[in-house]
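Trainee: With the hints as your guide, set chain R onto chain B.
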Amino acid sequence: MSASDSAESFSVKEAFKWFDVRKRDPGMWAFALNRLTALGLVFYLFLHLVVLSTLARGPQAYADFLAWIGSPVFVFGEWMVVIAGLYHGLNGIRIALTSLGIGLPRQAQMFYIALGVAVLAGAAFGIRMFR
Amino acid sequence: MLGDKPAPKDGENFWLWFLKIFSGLLVIVLLFVHLAVNHFMGNQGLLTFHEVVAYLSHPWVAAMEIAFLIIVISHALMGTRSIILDFKPAPSLVRALNWTFLGIGLLSIGYGVWLIRVVIYWGSGG
Chain B
196 MSASDSAESF SVKEAFKWFD VRKRDPGMWA FALNRLTALG LVFYLFLHLV
246 VLSTLARGPQ AYADFLAWIG SPVFVFGEWM VVIAGLYHGL NGIRIALTSL
296 GIGLPRQAQM FYIALGVAVL AGAAFGIRMF R
Chain R
678 MLGDKPAPKD GENFWLWFLK IFSGLLVIVL LFVHLAVNHF MGNQGLLTFH
728 EVVAYLSHPW VAAMEIAFLI IVISHALMGT RSIILDFKPA PSLVRALNWT
778 FLGIGLLSIG YGVWLIRVVI YWGSGG
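Heads up: the protein sequence lines correspond to chains B and R, in order.
Going left to right, the first sequence walks through residues 196 to 326 as the numbering used here numbers them.
Going left to right, the second sequence walks through residues 678 to 803 as the numbering used here numbers them.
Excised from the complex, chain B in its bound form (with noise of 0.2 Å):
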């Protein structure tokens, strides 16, 4: 397919598809994850950058913006990041590991281990941030 038939053919509608899981098989449901997880540490990644920056206005403005992010709140949205970061690194070995050729008929158990330990981790970390 050419970059101008690809153009012609855009559809919203398609585009958005992959968001769709219901009546999916496994994969669509990792591909999803994979994708809402990219999106939300991509976010993420860039907000964290955006306040460090009150590394540079020296101690007082860091000890103040690091009690103002020890609120609950800011917390719960840590461990939404912790819990998006394991899957979304998990699920990423399980993809690199099959473009080499890897586990190929073995995919889907992949999947599961990978979405099982994330899960399993992520309540580990919940334990330990909420205590």
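Everything labelled a hint here was simulated from the structure, so no lab data went into it.
Even for Gly, the Cβ is constructed at its ideal location relative to N, Cα and C.
Check the hints yourself; a few may be wrong.
[Unchecked claim] A few chain B positions that, by computed beta-carbon distances, are all more than 12 Å from chain R: (1) S266; (2) F269; (3) M275; (4) F320.
[Unchecked claim] Quick look at which bits of chain R chain B covers, simulated, 3 or more residues with Cβ under 8 Å: (5) 700 to 713; (6) 726 to 736; (7) 754 to 765; (8) 785 to 796.
Mentor: Frame of chain B; chain R shown alone:
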């Protein structure tokens, strides 16, 4: 579908696709180090400004954090570009997107390096 081998999509160069996956693996390694140090070093991690300054003042640490910054931003922008390609943008828009993302990447990396230098400067009594 699970079982299919992942491959570059329309408009995605093979090497860029490969770099996206490879940088993702590097991000996992460097993120593990970054998080372990920032949250688990000492008693409860780097909690004060002076602890952050002392940490970043070590040349190897600063080099690792800059490498992490470059790799994570590259991976994030390549991934975002890949998602946008699903909307099948016109070639002219893809070109504009490439330059925009290149600019965002360079600015972000430049800002991050500047910030690390400022923090190290604080440590040197600045």
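Trainee: Taking the hints in turn, state whether each one holds.
Mentor: Quick rundown of the hints versus the structure:
Residue-level check passed: B/S266 sits 16 Å from the nearest beta carbon of chain R, beyond 12 Å. Distance to chain R confirms B/F269 as a non-interface residue, since its nearest Cβ pair spans about 14 Å, more than 12 Å. Consistency note on B/M275: stated as away from chain R, and its beta-carbon is indeed over 12 Å from all of that chain's, at 15 Å minimum. Non-interface status of B/F320 relative to chain R is broken: a Cβ of that chain comes within 12 Å, the nearest being about 10 Å off.
For a cut-off of 8 Å, the count of residues in the stretch 700 to 713 of chain R with a CB near a CB of chain B stands at 5, and the three-residue condition holds. Only when three residues or more bring their CB closer than 8 Å to a CB of chain B does the claim for the stretch 726 to 736 of chain R stand; here the count is 3, and the claim holds. Residues of the stretch 754 to 765 of chain R lying with their CB closer than 8 Å to a CB of chain B number 6, which satisfies the three-residue condition for coverage. With a cut-off of 8 Å between beta carbons, the stretch 785 to 796 of chain R has 6 residues touching chain B; three or more are needed, and the interface restraint holds.
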